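Chemist: Based on the hints, put chain U in the right spot on chain S.
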Amino acid sequence: MSNSTSDQALKAHEPSYSTEERRTLPSGEEEFFFDVKTSDLEVNMGPQHPATHGVMRVLIRCDGELVTGAQAHLGYLHRCAEKIGENVEWLQYLPYTDRYDYLAAMNNNLGYSMAVEALMPGFEVPRRATMLRTICVELNRIASHLVAYGTYGLDIGAITPFLYAFREREWIQSLFEKICGARLTYSYIRIGGVFNDAPPGWLTEVGHFCDVFEEKWKEYRDLLALNHIFIKRTAHVGVIPKDMAIDFGLTGPMLRGSGVDFDLRRDMPYMAYGEAHEAGAFDVPLGEGEKGELGDCWDRFSVRVQEMMESIKLVRWCLEVIEDGPIIGDVPKVLKVPPGEAYVGIENPRGELGHYVHSDGGKIAVRCRVRGPSFTNLSVIEELMVGTLLADSVAIIGSTDIVVGETDR
Amino acid sequence: MVRVNRYFQDIWDTLKSTMIGMRITGKYLLRKPITVQYPDQRLPIPDRYRGIHYLEQEKCIDCLACARACPIDCIEMDAIRHGKELEWVSFTLDYQKCMFCELCVYPCPKDCIHMGTEFALVVEDRSELNYDLLSFKGMAVDARVRMREAEEKKKIKEAAKAAKAAEKAADENDGEKGSGSDGGGEV
Numbered sequence: 000m001s002n003s004t005s006d007q008a009l010k011a012h013e014p015s016y017s018t019e020e021r022r023t024l025p026s027g028e029e030e031f032f033f034d035v036k037t038s039d040l041e042v043n044m045g046p047q048h049p050a051t052h053g054v055m056r057v058l059i060r061c062d063g064e065l066v067t068g069a070q071a072h073l074g075y076l077h078r079c080a081e082k083i084g085e086n087v088e089w090l091q092y093l094p095y096t097d098r099y100d101y102l103a104a105m106n107n108n109l110g111y112s113m114a115v116e117a118l119m120p121g122f123e124v125p126r127r128a129t130m131l132r133t134i135c136v137e138l139n140r141i142a143s144h145l146v147a148y149g150t151y152g153l154d155i156g157a158i159t160p161f162l163y164a165f166r167e168r169e170w171i172q173s174l175f176e177k178i179c180g181a182r183l184t185y186s187y188i189r190i191g192g193v194f195n196d197a198p199p200g201w202l203t204e205v206g207h208f209c210d211v212f213e214e215k216w217k218e219y220r221d222l223l224a225l226n227h228i229f230i231k232r233t234a235h236v237g238v239i240p241k242d243m244a245i246d247f248g249l250t251g252p253m254l255r256g257s258g259v260d261f262d263l264r265r266d267m268p269y270m271a272y273g274e275a276h277e278a279g280a281f282d283v284p285l286g287e288g289e290k291g292e293l294g295d296c297w298d299r300f301s302v303r304v305q306e307m308m309e310s311i312k313l314v315r316w317c318l319e320v321i322e323d324g325p326i327i328g329d330v331p332k333v334l335k336v337p338p339g340e341a342y343v344g345i346e347n348p349r350g351e352l353g354h355y356v357h358s359d360g361g362k363i364a365v366r367c368r369v370r371g372p373s374f375t376n377l378s379v380i381e382e383l384m385v386g387t388l389l390a391d392s393v394a395i396i397g398s399t400d401i402v403v404g405e406t407d408r
Numbered sequence: 000m001v002r003v004n005r006y007f008q009d010i011w012d013t014l015k016s017t018m019i020g021m022r023i024t025g026k027y028l029l030r031k032p033i034t035v036q037y038p039d040q041r042l043p044i045p046d047r048y049r050g051i052h053y054l055e056q057e058k059c060i061d062c063l064a065c066a067r068a069c070p071i072d073c074i075e076m077d078a079i080r081h082g083k084e085l086e087w088v089s090f091t092l093d094y095q096k097c098m099f100c101e102l103c104v105y106p107c108p109k110d111c112i113h114m115g116t117e118f119a120l121v122v123e124d125r126s127e128l129n130y131d132l133l134s135f136k137g138m139a140v141d142a143r144v145r146m147r148e149a150e151e152k153k154k155i156k157e158a159a160k161a162a163k164a165a166e167k168a169a170d171e172n173d174g175e176k177g178s179g180s181d182g183g184g185e186v
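If you read the sequences in order, they're chains S and U.
Per numbering that gives the first Met the number 0, the very first residue in the first sequence carries number 0; after that it's consecutive.
Per numbering that gives the first Met the number 0, the very first residue in the second sequence carries number 0; after that it's consecutive.
Quick caveat, the hints were computed from the structure, so don't treat them as lab data.
Please read all numbers here as calculations on a predicted model, not as lab measurements.
Using N, Cα and C, we set each Cβ at its ideal position, and we do this for glycine too.
It is possible that some hints are incorrect.
Said to hold, decoys possible - If you want the ones that stay clear, here's a sample from chain U, every Cβ over 12 Å from chain S, calculated:
(1) Ile-44
(2) Cys-111
(3) Arg-143
What the hints assert, rightly or not - If you only want the chain U side, here are some residues facing chain S, beta carbon under 8 Å, derived:
(4) Ile-19
(5) Ile-23
(6) Thr-24
To be verified - Derived DSS-like pairs: lysine-lysine, alpha-carbon spacing no greater than 25 Å straight-line:
(7) U:Lys-109 x U:Lys-136
(8) U:Lys-109 x S:Lys-290
(9) S:Lys-215 x S:Lys-290
(10) U:Lys-15 x S:Lys-215
(11) U:Lys-163 x U:Lys-153
(12) U:Lys-156 x U:Lys-167
(13) U:Lys-31 x S:Lys-215
(14) U:Lys-136 x U:Lys-96
(15) S:Lys-335 x U:Lys-109
(16) U:Lys-154 x U:Lys-83
(17) S:Lys-290 x S:Lys-241
(18) U:Lys-96 x S:Lys-82
(19) U:Lys-96 x S:Lys-362
(20) U:Lys-153 x U:Lys-83
(21) S:Lys-217 x U:Lys-26
(22) S:Lys-215 x U:Lys-156
(23) S:Lys-217 x U:Lys-31
(24) S:Lys-231 x U:Lys-15
(25) U:Lys-15 x S:Lys-217
(26) S:Lys-332 x U:Lys-96
(27) S:Lys-312 x S:Lys-217
(28) S:Lys-362 x U:Lys-109
(29) S:Lys-332 x U:Lys-58
(30) U:Lys-109 x S:Lys-332
So that you can see chain S by itself, here it is in the shape it has in the complex (with noise of 0.2 Å):
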């Protein structure tokens, strides 16, 4: 769909040719004119440019300021993390989910983890299990919207909302650090419940940042989201009408950002978010065309920033209903999965991250598929830059918020 329509611009900027003139000064002297030979200029966005988050290529055709068309090419950061899936065990693979999506790795833990579960029929995990899988993976989705916050104003012009952020994002990899020992990969949520219980005095920290980001958010709101020129970069830029977002299958910010009611979270309920919803603990934002058109980059922009705060209410409700008890489930130390295949799709901070599991009743899965948001999102950028001015593409594939590491996995 994308080609057609690239090609279809191409053919309205067909560069024209015209023939050299020459004509006679009254003075005696010859002149020349050329008409300026205009022909559509390819420029590599990338293999390695700061802008396209990761080692990401878009080729793009401009016709001078204009950008006429755009592709995207991927694979520069693939590393067969599926094929890995259908040759280690089940746990084994574990610490590799957390490299496709490196800014959210607890959401994949909990995707895959799931995904898992749900081929164990009858198996529950433990309460308090559940809890910690939610908090955790909500205070993973407010670093990755912290980063996608931070590297937006980068990429607009804006350097210090990005070390603003920076200051929280850190403050939660030292609670994860706490809790499971890594700042980055964690591999905490595991098949069955958690890895480790959280140490004393953890959860307490935890309300303390919540009252702290609190604070906090006024702050990056102010700072970069209501801020005029960054308005005025992201307001009526890389606009996505309702329908083009569903054609593509957006999902996430990304979705949401366009005026489409749909979050996982609440629509497909997981773990404690169906009660966490009954009790109110959480709203959805979507966009509204606020300062632009519905669905332009400001307002995807915005819904992350949002989300944020709807996170800090889920973790705070977590907080209150959380009790103690078991934090796995019976789970034997070799692992052998019922046959069967299953398919849990879960709301990663970019959108729906779905695992396809299918296990011959074995010890290792016999297909292991990932349904990457970011590819997904990615696939949009195509359509969108045609027509905009060179500019603007850099804000337009920073508001898709893409991970290379998942579009290539």
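Modeler: Coordinates of chain U only, in the frame set by chain S:
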């Protein structure tokens, strides 16, 4: 006219949001620096930190549970068994491969492999990253003593057994001789 108004409105809005930004950053102007001068000062490392492993060699029974749990096969161990005692040859962990996932720690039946708080993997050559976790090779002194004691006990036991067997055999022989002599009545 509308355009002119918008032009000045934009300038005003930009100035205003710049001032808001400056106010927020200004709040942090007089704060103490939070930078930690790394090699001299260090942040506290939590107990559960997943750093370089350490091994409680005396407890280890060479069961290979950790090596089997490792997703990338970076643990290799070799030990010679002398009855119950182990003579260690090597227990290497390849930190070029290791991804610090802690999956090797959980299946250990003796709880003897742990992840420590050391994290600096600075070497001059890559091959040096193949760490040997053994503090000593061969057998520990007390293990050797235990083995020798066990061997001595075994020898004593065997000797006692042999003596018993010999006695028994002698008794039987005596009995046979006795029965023979009884019948003969020559002695």
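Chemist: Against each hint, give a clear statement of whether it holds in the structure.
Modeler: Hint by hint, here is what the structure shows:
At the 12 Å boundary, the C-beta of Ile-44 (chain U) falls inside the reach of chain S, the nearest C-beta of that chain being 8 Å off. Listed as outside the interface, Cys-111 (chain U) is consistent with that label: its C-beta sits roughly 16 Å from the nearest C-beta of chain S, beyond the 12 Å cut-off. Taking the minimum C-beta to C-beta distance to chain S, about 34 Å, the non-interface status of Arg-143 (chain U) holds against the 12 Å cut. At its closest, the beta carbon of Ile-19 (chain U) sits 5 Å from a beta carbon of chain S; the interface hint therefore holds under the 8 Å criterion.
Taken as an interface hint, Ile-23 (chain U) checks out: its beta carbon lies about 5 Å from the nearest beta carbon of chain S, inside 8 Å. A least Cβ separation of about 6 Å between Thr-24 (chain U) and chain S falls short of the 8 Å threshold, and the interface hint therefore holds. Note on Lys-109 (chain U) and Lys-136 (chain U): the hinted pairing holds, with a Cα-Cα distance of about 20 Å set against a maximum of 25 Å. At most 25 Å may separate the alpha-carbon atoms for a hinted pair to count; Lys-109 (chain U) and Lys-290 (chain S) exceed this at roughly 62 Å.
Taking the CA atoms of Lys-215 (chain S) and Lys-290 (chain S), the gap is near 23 Å; set against the 25 Å cutoff, the hint holds. For the proposed pair Lys-15 (chain U) and Lys-215 (chain S), the alpha carbon gap of about 20 Å is at most 25 Å, so the pair holds. The straight-line distance between the Cα atoms of Lys-163 (chain U) and Lys-153 (chain U) is roughly 15 Å, inside the 25 Å bound, and the hint therefore holds. Using a Cα cut-off of 25 Å, the hinted pair Lys-156 (chain U) and Lys-167 (chain U) holds, with the two alpha carbons roughly 16 Å apart.
Proximity of Lys-31 (chain U) to Lys-215 (chain S) is assessed by CA-CA distance (about 18 Å); at most 25 Å being required, the pair is judged to hold. For the hint linking Lys-136 (chain U) to Lys-96 (chain U), the alpha-carbon distance of about 24 Å falls within 25 Å, and the restraint holds. For the hint pairing Lys-335 (chain S) with Lys-109 (chain U), the CA-to-CA distance comes to about 24 Å; that is within 25 Å, so the pair holds. With a C-alpha separation of about 16 Å, the suggested pairing of Lys-154 (chain U) with Lys-83 (chain U) holds against the 25 Å cut-off.
Between Lys-290 (chain S) and Lys-241 (chain S), the direct Cα distance comes to roughly 17 Å. Compliance with the 25 Å bound is thereby established for this hinted pair. Distance check on the hinted pair: Lys-96 (chain U) and Lys-82 (chain S) sit about 18 Å apart at the alpha-carbon level, within 25 Å; holds. Using a Cα cut-off of 25 Å, the hinted pair Lys-96 (chain U) and Lys-362 (chain S) holds, with the two alpha carbons roughly 23 Å apart. Restraint check for Lys-153 (chain U) and Lys-83 (chain U): the C-alpha separation of about 13 Å stays at or below 25 Å, so the hint holds.
With a CA separation close to 14 Å, the supplied pair Lys-217 (chain S) and Lys-26 (chain U) stays within the 25 Å bound. Of the pairs offered as hints, the one joining Lys-215 (chain S) and Lys-156 (chain U) is violated, with about 77 Å between alpha carbons and a cut-off of 25 Å exceeded. Note on Lys-217 (chain S) and Lys-31 (chain U): the hinted pairing holds, with a Cα-Cα distance of about 22 Å set against a maximum of 25 Å. For a cut-off of 25 Å, the pair hint linking Lys-231 (chain S) to Lys-15 (chain U) stands: about 14 Å separates their Cα positions.
Restraint check: the Cα-Cα separation between Lys-15 (chain U) and Lys-217 (chain S) comes to about 17 Å, which is no more than 25 Å; the hinted pair holds. Proximity of Lys-332 (chain S) to Lys-96 (chain U) is assessed by CA-CA distance (about 23 Å); at most 25 Å being required, the pair is judged to hold. Taking the CA atoms of Lys-312 (chain S) and Lys-217 (chain S), the gap is near 15 Å; set against the 25 Å cutoff, the hint holds. Taken as a hint, the Lys-362 (chain S) and Lys-109 (chain U) pair is honoured in the structure, with Cα atoms around 24 Å apart against an allowance of 25 Å.
Distance hint between Lys-332 (chain S) and Lys-58 (chain U) is fulfilled; the C-alpha atoms sit about 21 Å from each other, no more than 25 Å. Annotation: proposed proximity of Lys-109 (chain U) to Lys-332 (chain S) holds, straight-line Cα distance about 15 Å (limit 25 Å).
Of the numbered hints stated above, those contradicted by the structure are hints 1, 8 and 22, listed in ascending order.
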